[in-house]
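Protein chains in written order, with numbering that gives the first Met the number 0: chain A, 0 to 250; chain B, 0 to 253.
In case anyone wonders, no lab produced these hints; they're calculated from the structure.
Check before you lean on any hint, since a few could be wrong.
[Claimed, not checked] Derived list of chain A stretches under chain B, where covered just means 3 residues or more per stretch with a C-beta under 8 Å from a C-beta of chain B:
1. 14-26
2. 30-41
3. 51-64
4. 89-102
5. 172-185
[Claimed, not checked] For lysine to aspartate or glutamate, the following EDC-like pairs were computed, each having C-alpha atoms within a straight-line distance of at most 20 Å:
6. B:186 - A:161
7. B:9 - B:62
8. B:231 - A:222
9. B:9 - B:112
10. B:9 - A:161
11. B:186 - B:112
We put the CB at the ideal spot given by N, CA and C, even for glycine.
Listed below, chain by chain, are the residues.
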Amino acid sequence: MDAAPALLLADPGWLQLGLVSLLAGLLCLDETAVAQTWVSQPLPAGVLTGLLVGDPVLGLAVGLPLQLVMIGNLPVGQSFTGDSTTAVVAVVGAAGAAGVSLAPALQGQTPAAQGLLGWLLLAAGLLSLAGHRIIQAERSAHDVWMLQGRLTLRDGSLRRMEFMHLRCLGLTFLRGFAACLLFTVVLTSWWLPAFSSLDPRLRTGLSLLPLLLPGIGIGTMVERFGWRRNWSWVAGGALAAFLLARVGGWA
Amino acid sequence: MTAHGGFDRKLRLRIFFRSLSLQASWNHQRMQNLGLLFSLLPWLQRQPADPNQNRLFCRRYFEFFNTNPYLANFLIGGLVRLEDDRRAGVDVPLDLIATYRDSLGRTLASLGDQLFWLGLRPALIMAVCLVALTGHALGSVLVILAFAVMQLAVRWAALGWGYALGRDILRLLRHPAWHRAIRASKKIAMTLTGMVAGTYVAKVQDFSGVLAGDLVWVGVILGIGLPLLIRKRLPGEIMLLAATALALAAGFAI
Numbered sequence: 000m001d002a003a004p005a006l007l008l009a010d011p012g013w014l015q016l017g018l019v020s021l022l023a024g025l026l027c028l029d030e031t032a033v034a035q036t037w038v039s040q041p042l043p044a045g046v047l048t049g050l051l052v053g054d055p056v057l058g059l060a061v062g063l064p065l066q067l068v069m070i071g072n073l074p075v076g077q078s079f080t081g082d083s084t085t086a087v088v089a090v091v092g093a094a095g096a097a098g099v100s101l102a103p104a105l106q107g108q109t110p111a112a113q114g115l116l117g118w119l120l121l122a123a124g125l126l127s128l129a130g131h132r133i134i135q136a137e138r139s140a141h142d143v144w145m146l147q148g149r150l151t152l153r154d155g156s157l158r159r160m161e162f163m164h165l166r167c168l169g170l171t172f173l174r175g176f177a178a179c180l181l182f183t184v185v186l187t188s189w190w191l192p193a194f195s196s197l198d199p200r201l202r203t204g205l206s207l208l209p210l211l212l213p214g215i216g217i218g219t220m221v222e223r224f225g226w227r228r229n230w231s232w233v234a235g236g237a238l239a240a241f242l243l244a245r246v247g248g249w250a
Numbered sequence: 000m001t002a003h004g005g006f007d008r009k010l011r012l013r014i015f016f017r018s019l020s021l022q023a024s025w026n027h028q029r030m031q032n033l034g035l036l037f038s039l040l041p042w043l044q045r046q047p048a049d050p051n052q053n054r055l056f057c058r059r060y061f062e063f064f065n066t067n068p069y070l071a072n073f074l075i076g077g078l079v080r081l082e083d084d085r086r087a088g089v090d091v092p093l094d095l096i097a098t099y100r101d102s103l104g105r106t107l108a109s110l111g112d113q114l115f116w117l118g119l120r121p122a123l124i125m126a127v128c129l130v131a132l133t134g135h136a137l138g139s140v141l142v143i144l145a146f147a148v149m150q151l152a153v154r155w156a157a158l159g160w161g162y163a164l165g166r167d168i169l170r171l172l173r174h175p176a177w178h179r180a181i182r183a184s185k186k187i188a189m190t191l192t193g194m195v196a197g198t199y200v201a202k203v204q205d206f207s208g209v210l211a212g213d214l215v216w217v218g219v220i221l222g223i224g225l226p227l228l229i230r231k232r233l234p235g236e237i238m239l240l241a242a243t244a245l246a247l248a249a250g251f252a253i
């Protein structure tokens with residue numbers, strides 16, 4: 000195991016922090032509130048944040064394993080909704096501010112870079128779980144505001160109805176913005192510098208995490224759709240891609 | 000009956016943009032009720048101002064409502080048509096509007112969940128991951144953007160179809176193309192899952208020279224096998240924590 004990269008207390012830079020949080024707010028709107036174009040999914044959200052901090056490969060390295068492990072999460076109705084969007088944006092934003100480069104991790108060159116990637120993925124998972132509580136609180140606020148619409152059923156004021164709906168939209172944006180700001184500060188001031196002081200065995204374990212997560216995503220898909228019904232499609236696709244990767248050199 | 004031309008472009012645009020935020024005020028008690036009302040208000044604002052009519056209109060749509068957001072515009076277009084007809088003096092009982100909203104909402108929710116959440120979404124996500132695995136970061140965003148444009152076009156068209164068909168929308172919903180599309184999207188999703196798996200295994204082969212080789216393969220098998228072993232549909236975050244525990248245990252075992 001090579002030495003862990005020294006990550007000092009990073010200064011995220013207020014302008015960059017503001018832009019990253021703004022992006023998180025906008026992507027949170029896309030998650031369920033507006034249009035649901037899936038740009039807010041972990042992978043595209045990671046790449047877009049990476050572009051913002053000047054390193055799209057960083058966004059890809061964090062976003063891809065998270066995208067696969069969270070493939071079973073559906074942002075619908077009453078189902079469990081972690082805040083993976085804000086978590087990914089905050090993690091990539093903080094890593095970008097700290098000058099982390101994960102290109103070696105993608106090429107499998109250094110276990111230390113793999114370990115750092117695992118550390119970032121763990122942060123994203125924990126932040127997404129924390130975001131779940133914030134989303135539930137936001138939805139409770141929607142409940143309270145929606146019930147204020149009863150006044151319109153008495154006086155016929157359409158502006159109140161419109162205002163209530165737009166207030167919910169504004170709250171979603173603010174939730175993403177504020178949560179990302181908070182998460183990024185926590186990551187840059189505490190989580191990232193802590194990596195250097197981790198036990199080397201922990202870092203070795205973390206270096207395996209980025210390799211485990213895509214497997215879980217594939218297993219989740221097979222479990223959901225059924226192996227017996229779909230084995231020929233999966234096996235055919237796997238064989239074709241493996242041969243293309245080995246013979247055609249496409250990956 | 001009102002002709003299709005009654006739904007002019009300006010009104011259609013206003014309703015379309017508002018319909019995109021159908022779920023913005025999602026709440027546990029009545030789900031998308033406020034979102035539906037917000038989408039329909041441009042139609043009401045076109046009518047002569049009458050607080051009492053406004054009050055009754057809001058009461059009609061303030062009740063529980065839930066549907067799939069991608070197909071909701073069929074229903075919104077249909078509701079605008081029914082309200083237009085009613086205003087024009089056609090016999091459209093109020094309970095028919097409520098039944099239309101509730102039954103069509105449920106049908107579209109079921110179709111949309113099958114097609115979008117369980118068919119197209121996994122297929123698209125796997126396609127995006129495949130592009131990303133080949134190292135094209137921007138390519139993965141472009142695939143998502145292409146899909147976004149497509150689904151917005153479908154929503155725009157659905158608003159017009161819903162209005163044009165009105166009560167005859169059942170003809171559209173009975174069409175076998177829906178189920179063919181659901182089956183096809185699931186097969187595409189599984190093929191792409193296989194392709195991601197094949198590319199992933201090829202990548203891991205390259206990685207195993209750097210990291211502890213055998214352990215990496217044990218990890219890969221455990222990763223793929225974990226959801227199949229658990230057989231419980233746990234959130235991705237919980238699976239990530241379970242994988243972290245496995246990875247750390249492996250780190251100490253080396």
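Open item on the list: Check the hint pairing residue 231 (chain B) with residue 222 (chain A) against an upper bound of 20 Å on the C-alpha distance.
Closed with: Holds, at roughly 9 Å.
Open item on the list: Taking 8 Å as the Cβ threshold, is the statement that the segment 30-41 of chain A is covered by chain B upheld or broken by the three-residue rule?
Closed with: n = 9 at 8 Å, threshold three: holds.
Task: Pairwise hint evaluation, residue 62 (chain B) against residue 9 (chain B), where the allowed Cα distance is 20 Å at most - done: Status violated; Cα separation ~27 Å.
Task: 8 Å C-beta criterion, at least three residues: is the segment 51-64 of chain A covered by chain B - done: It holds: at least three residues are needed, and the segment 51-64 of chain A offers 6 whose Cβ sits within less than 8 Å of chain B.
Open item on the list: Hint check: residue 186 (chain B) vs residue 161 (chain A), CA-CA at most 20 Å. Holds or violated?
Closed with: 42 Å, violated
TODO: Between the segment 89-102 of chain A and chain B, see if three or more residues pass the 8 Å beta-carbon test, and mark the coverage as holds or violated.
DONE: violated (count 0)
Task: Proposed proximity, residue 161 (chain A) with residue 9 (chain B) (alpha carbon, max 20 Å) - done: 19 Å, holds
- [ ] Closer than 8 Å, Cβ to Cβ, for at least three residues: run that test on the segment 14-26 of chain A against chain B and report holds or violated.
- [x] It is violated, with 0 qualifying residues against the three required.
- [ ] Quickly compare the C-alpha distance for residue 9 (chain B) and residue 112 (chain B) to 20 Å and report which way the hint goes.
- [x] Roughly 30 Å between the alpha carbons, so the hint for residue 9 (chain B) and residue 112 (chain B) is violated.
Open item on the list: Can you confirm whether the C-alpha distance between residue 186 (chain B) and residue 112 (chain B) stays at or below 20 Å?
Closed with: Judged against 20 Å, a Cα distance of about 16 Å means the pair holds.
Open item on the list: Please verify the coverage claim for the segment 172-185 of chain A: does it have three or more residues whose C-beta sits within 8 Å of some C-beta in chain B?
Closed with: violated (count 0)
In summary, the structure is inconsistent with hints 1, 4, 5, 6, 7, 9 from the numbered list given earlier, while agreeing with the others.
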